[in-house]
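Student: Sequence:
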Amino acid sequence: MVKTATLHYIHDPLCGWCYGAAPLVKAAREVLPVVAHAGGMMAGSRRQKVNPQLREFVMPHDRRIAQLTGQVFGEAYVDGLLRDTSATFDSEPPIAAMLAAERTAGRGLDMLARLQTAHYVEGRRIADREVLVELAASIGLDQVAFEHALGEVQGHLVQAHMEQTRGLMSRVSAQGFPTFALEISARIDRIDAAGFLGNPTAFASWLSTKIASSNP
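Going by this note's numbering, the first residue of the sequence shown is number 25, and it counts up by one from there.
Hints were generated in silico from the structure; no laboratory data involved.
Don't take each hint at face value.
What the hints assert, rightly or not - DEER-style ranges, computed between Cβ atoms:
id	residue 1	residue 2	range
1	Q188	P76	14 to 24 Å
2	A184	S162	21 to 31 Å
3	Q167	S232	29 to 39 Å
4	D103	A210	46 to 56 Å
5	S238	P76	16 to 26 Å
6	Q167	R70	28 to 38 Å
7	A169	P84	36 to 46 Å
8	L92	R70	33 to 43 Å
Even glycine gets a Cβ: it sits at the ideal position worked out from N, Cα and C.
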């Protein structure tokens with residue numbers, strides 16, 4: 025009997041290390057189904073206004089992520105968004121956008137990738153509804169259907185999703201974002217993907233081998 029495999033990806037749209045892991049997610053999707061679970065790192069009471077302290081905190085991490093992964097942090101983000109004290113970092117709207125994209129066209133992970141580029145490269149405010157609608161259109165989603173789905177998932181449904189993610193994090197003993205967990209048949213195990221950062225090809229190869237070894 026062939027065993028089925030799924031990669032669970034625990035993340036947050038405003039997590040720099042998740043942006044660093046984006047190439048791993050892209051490579052993994054060529055090997056097996058990937059299911060995204062957003063945790064709400066900066067949602068609700070954890071929302072943060074952009075200020076000099078926040079910029080000073082994230083910049084060393086961003087530099088480290090860029091060094092390890094080759095991911096680009098654009099000038100519009102570094103010297104634009106991170107200096108814009110009128111902006112607020114809020115995970116809930118972009119998570120809602122991911123869920124709406126998934127509901128509309130099964131493209132939640134495509135939406136996440138677009139959100140990350142908009143935030144970290146283009147310095148866009150991905151908590152703003154009009155930006156989310158524009159980004160959805162940029163990846164080919166129907167605007168009317170997306171806006172309808174966005175209205176449906178906002179509030180209770182997106183909060184329930186984040187709560188379910190926290191439950192999964194507890195189940196796999198996740199320490200934070202990003203976390204990958206490989207499910208084969210009924211068994212789900214957290215995997216250490218840190219050593220693959222910057223080497224998505226190796227990650228895809230490791231996943232393929234792991235799946236093959238489970239199906240003698």
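Student: Each of the hints needs a verdict: does it hold here or not?
Tutor: Hints versus structure:
1. Here the CB-CB span from Q188 to P76 is close to 35 Å, at odds with the stated 14 to 24 Å.
2. A C-beta distance of roughly 28 Å is found between A184 and S162, which places it inside the suggested range of 21 to 31 Å.
3. Taking the beta carbon of each, Q167 and S232 are about 37 Å apart, inside 29 to 39 Å as hinted.
4. For D103 and A210, the Cβ-Cβ distance of about 49 Å falls inside the hinted range of 46 to 56 Å, so the restraint holds.
5. At about 50 Å, the CB distance of S238 to P76 disagrees with the hint of 16 to 26 Å.
6. A hinted range of 28 to 38 Å holds for the C-beta pair Q167 and R70, which are about 30 Å apart.
7. Between A169 and P84 the beta carbons are some 41 Å apart, a value that agrees with the proposed interval 36 to 46 Å.
8. A hinted range of 33 to 43 Å for the beta carbons of L92 and R70 is inconsistent with their spacing of about 25 Å.
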